[in-house]
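Now for the letters of each chain:
Protein chains: 2
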Amino acid sequence: MLDPAIDSLLTQRQQQDVDDLIQWLRIPSVSSDPTAQPHVEAAGRWVADRLRSGGLHVQWIETAGNPLVFAQTPPVPGVPVALVYGHYDVQPAEPLELWETAAFEPDIRNGNIYARGATDDKGQVLTHIQSVLAWLQTGRPLPLQVKFLIEGEEEVGSANLERMLPELADTLACDVVVISDSSQFAPNQPAITYGLRGIATFELTVSGPRQDLHSGSFGGAVLNPGIALCKLIAAAVDDQGRIQFPGFYDDVQPLTDQERQQFADLPHDDVAFATSLGVRALFGETGFTTLERKWARPTFDVNGLTCGHQGAGVKTIIPAVATAKLSCRLVPQQDPDKIAAALEDFFQQHGPAGVQVTVKPDHAAPGMVSGIDSPYMAAAKAALAEAFGCQPVLIREGGSIPIVQKFQAALKADCLLLGWGLNDDNAHSPNEKFALADYHRGIRASAVLWSELGKLQHG
Amino acid sequence: MLDPAIDSLLTQRQQQDVDDLIQWLRIPSVSSDPTAQPHVEAAGRWVADRLRSGGLHVQWIETAGNPLVFAQTPPVPGVPVALVYGHYDVQPAEPLELWETAAFEPDIRNGNIYARGATDDKGQVLTHIQSVLAWLQTGRPLPLQVKFLIEGEEEVGSANLERMLPELADTLACDVVVISDSSQFAPNQPAITYGLRGIATFELTVSGPRQDLHSGSFGGAVLNPGIALCKLIAAAVDDQGRIQFPGFYDDVQPLTDQERQQFADLPHDDVAFATSLGVRALFGETGFTTLERKWARPTFDVNGLTCGHQGAGVKTIIPAVATAKLSCRLVPQQDPDKIAAALEDFFQQHGPAGVQVTVKPDHAAPGMVSGIDSPYMAAAKAALAEAFGCQPVLIREGGSIPIVQKFQAALKADCLLLGWGLNDDNAHSPNEKFALADYHRGIRASAVLWSELGKLQHG
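Protein sequences appear in the order of chains U and S.
Just so you know, the first sequence maps onto residues 0 to 458 in numbering that gives the first Met the number 0.
Just so you know, the second sequence maps onto residues 0 to 458 in numbering that gives the first Met the number 0.
Isolated chain U, as found in the complex:
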């Protein structure tokens, strides 16, 4: 049970909590865009100020890239330490023309706040900051020490944080990492995510003639790099959705009967899901259910294609170059480096004479699964049950939070992935949103979580 004083304070603070979120969302902190760098840093300063305003001492930790914002409440002996991790950077907003309102001018309609970063991750990480600040505002001590680590490069792979983890291990020392960067299983059906997929990203380039050629004068004489690129990508995955890179599935652990049953027991309707996405049929690797494919099977996706003439009208050329942005989602045990090597080998071996094939790996991270029987998990279940009024389900997630597996390794800490948002919140898509009710409920669930974790004896 949440302390009534805090409970009522959370209700009073709702408008302020929303105003805070609007302020933060106005900052276009797109970490993949070098020209947005000042905005990225401004978003970091904003959250530092917010933490400072609650009386916390902020550490502004410089990295080779965007700074880390760190803060902590006073130590509480004998109980676990929690580290809240989140990120102040966001995905690019493109394609801009598909947004109903501007991506960085937050707009509230139908109970949702619309803006890039609303759910991924500004809105979600802010729930934990607001809950701690509310708790502190009551004048009572928090029942455990909470540390905050908010970074600015999650959307570009967290490489700089990862590199600094060893030297930050003392600062970040904790028993459990709390991350809200995922979703409820369904509206009002809370979930605890115990598995994430890894990721490996690439740029594939096929180069042909020195420059674009007239498709009349030269058509038939040279291999078209656009066609060569398509053939390489087409060869990478068969019509049953099986990925063709040699050894790609070697380290993929089969799902246990128990886990398949657990997935099957979750309420999921393929037809309704397809309808919600606007497709007539779902598609994926033969022999697996949709949830299995999304959560626990690896994938290969085209993220973008760029080649030749893209404007209005016709330009009849053989393009000199064609490029594809590619990503694989990986399951635990798959090694991103091995996958990168397999992918590069495959494309090089399938690259035909007459074009030059290059593969440039970008960021990568392994997947993870965490134990489902820990006392932290039990505390989280209790907190979610109280805030949502029903028991949470245990799920996995198809997305990647690259740093999670690194935290597990570097800090020897458990991870709690508690999603407050919804699957249709349009993370990484136009019209990203976060329901204000979910935001407020997340703050409340977070407040209860501190109470539940504070009851545990520290090992």
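Honestly, I wouldn't trust all of these hints.
As the list claims (entries may be wrong) - If you want the ones that stay clear, here's a sample from chain S, every Cβ over 10 Å from chain U, calculated:
1) 5
2) 61
3) 142
4) 166
5) 211
6) 214
7) 250
8) 260
9) 337
10) 439
Claimed, not checked - Quick partial rundown of chain U residues pointing at chain S, CB under 10 Å, derived from the structure:
11) 31
12) 57
13) 210
14) 213
15) 228
16) 275
17) 279
18) 280
19) 281
20) 284
21) 347
22) 348
Unchecked claim - According to the in silico footprint, chain U covers these stretches of chain S (three or more CB under 8 Å from chain U):
23) 84-95
24) 304-310
25) 421-427
Honestly, the hints are just simulated from the structure, not real lab data.
Beta carbons are placed, not taken as given, at the ideal position from N, Cα and C, and that holds for glycine.
Following the hints, complete the assembly by docking chain S onto the known chain U.
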């Protein structure tokens, strides 16, 4: 032999002829770009003014699109009438960053003038205007009537001119159409082009989910439109370069042994050709030589690909839409409408569940071959032999001049395709150029052509 008075006048006029070309090339008359429309019209006005300056009466013929510029010299009874056709519109200049000097700021270096349109087609059509104006400047009558038709939509398919041909048939009435929009066979090896390929252009769109999706949360659940597009394109042509649209080759006439021999007799070196294009190997339909593939076999090319994230860095999405700009080059007897239907059928039938496939045909035109034994051909051979100092070879061209076949049909006229430029003049590519020596020689060859055609009796 060219009249010595004209010969010497052509030498005197060289600087003025170059200055004229520079002026015209400065006008960015990109017909496929709606925002460039005022420039396109300005390029038409420029050539109208140039014709007017020589004492010709210009007809400014409005169409549903860009105007036609028409002018004619006085009738000469008893000899053939020649119609010079060319175009004042140009291809887009993109990719701009690959130009050494700006596409619409003509730059002369190493004896070449560099600008979009230098050879395609402003520089080449201007040779005929300059030769006629020079002839008129001497005060002597031209030995035949020359008509000029300069249009502004050749690079977007000439649809409006085509539609108006029946009503313009009297105005344009002629015995032979003269077009310089092709190339010499090799430097200093003049050529008369007796065949052109046709063209059919398309936009292929593959639509999947309503909007871009997070590749983590949704990867494995839906078919990726980028991959689906690649698979469709990959299926369209096999690894031997054979196009797979049903019936695509049905109307393709086999090359005669005589024509294959004629091609084989031309000096052509695959290794040198590959080197000139910057590729390690040539590629095309198995069983045909490079010249056969370029000139007399149909092709399928990707002109452009657009899908998902194209900027810097990584954006891990399943793109909602993927599009390809496609073109086929066709040989005579292939019907562009039949080809369009076959292509659309193929892509619709191969379009998998889970995505929507649409094919939008754009401009199209059949190919052509003209007789090689006409008196006009003989006159052209004599003119080129005098101007170049060696006999021209007979060749075909892989490119398309869509209106040529329409002229043949509507005007019952022969066609002479006389290329003054070079194959490496970068038509449709960055750093398009035209050698000033080729420009001046083209003017001289044109002047001799009027003399040779003027010797013919009109049937």
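Hints, one by one, checked against the model:
Even its closest Cβ contact with chain U, about 33 Å, leaves residue 5 of chain S beyond 10 Å, as expected for a residue assigned away from the interface. Its beta-carbon lying about 21 Å from the closest one in chain U, residue 61 of chain S satisfies the requirement of being farther than 10 Å from that chain. The beta carbon of residue 142 of chain S is kept farther than 10 Å from every beta carbon of chain U, the shortest such distance being approximately 33 Å. Interface exclusion of residue 166 of chain S from chain U stands, the closest Cβ pair being 26 Å apart, more than 10 Å.
Its beta-carbon lying about 5 Å from the closest one in chain U, residue 211 of chain S breaks the requirement of being farther than 10 Å from that chain. Residue placement check: residue 214 of chain S does not keep its beta carbon more than 10 Å from all beta carbons of chain U (closest about 5 Å). Every CB of chain U is more than 10 Å from the CB of residue 250 of chain S (nearest about 17 Å), matching its label as outside the interface. Every C-beta of chain U lies more than 10 Å from that of residue 260 of chain S, the closest at about 19 Å, which supports listing it as non-interface.
Every beta carbon of chain U lies more than 10 Å from that of residue 337 of chain S, the smallest distance being close to 19 Å; the non-interface claim holds. In this structure residue 439 of chain S is separated from chain U by more than 10 Å, as the shortest Cβ-Cβ distance comes to about 23 Å. At a threshold of 10 Å, the smallest CB-CB gap from residue 31 of chain U to chain S is about 3 Å, leaving the interface hint in force. Below 10 Å, beta-carbon pairs count as interface contacts, and residue 57 of chain U has none with chain S, the closest being about 28 Å; its hint is therefore violated.
Annotation: interface hint on residue 210 of chain U holds; nearest CB of chain S at approximately 5 Å, less than 10 Å. At a threshold of 10 Å, the smallest CB-CB gap from residue 213 of chain U to chain S is about 4 Å, leaving the interface hint in force. Satisfaction of the interface hint for residue 228 of chain U is found here, the shortest Cβ-Cβ separation to chain S being roughly 7 Å, below the 10 Å cut-off. Checking residue 275 of chain U against chain S: minimum C-beta separation of about 9 Å stays under 10 Å; hint holds.
With 10 Å as the threshold, the beta carbon of residue 279 of chain U comes within range of chain S, its nearest partner Cβ sitting at about 7 Å, so the hint holds. A hinted interface residue such as residue 280 of chain U counts as satisfied when its beta carbon comes closer than 10 Å to some beta carbon of chain S; here the least separation is about 4 Å, so the hint holds. Restraint check, residue 281 of chain U versus chain S: the minimum CB separation of about 6 Å is within 10 Å; hint holds. Here the hint on residue 284 of chain U is kept, as its CB sits about 7 Å from the closest CB of chain S, short of 10 Å.
At its closest, the beta carbon of residue 347 of chain U sits 14 Å from a beta carbon of chain S; the interface hint therefore is violated under the 10 Å criterion. Among the interface hints, the one on residue 348 of chain U is violated; its C-beta lies about 14 Å from the nearest C-beta in chain S, farther than the 10 Å criterion. Residues of the segment 84-95 of chain S lying with their CB closer than 8 Å to a CB of chain U number 4, which satisfies the three-residue condition for coverage. Here's how the segment 304-310 of chain S fares: 7 of its residues keep a CB closer than 8 Å to some CB of chain U, so the rule of at least three is met and the hint holds.
By the rule of at least three residues with a Cβ nearer than 8 Å to a Cβ of chain U, the coverage given for the segment 421-427 of chain S holds, with 4 such residues.
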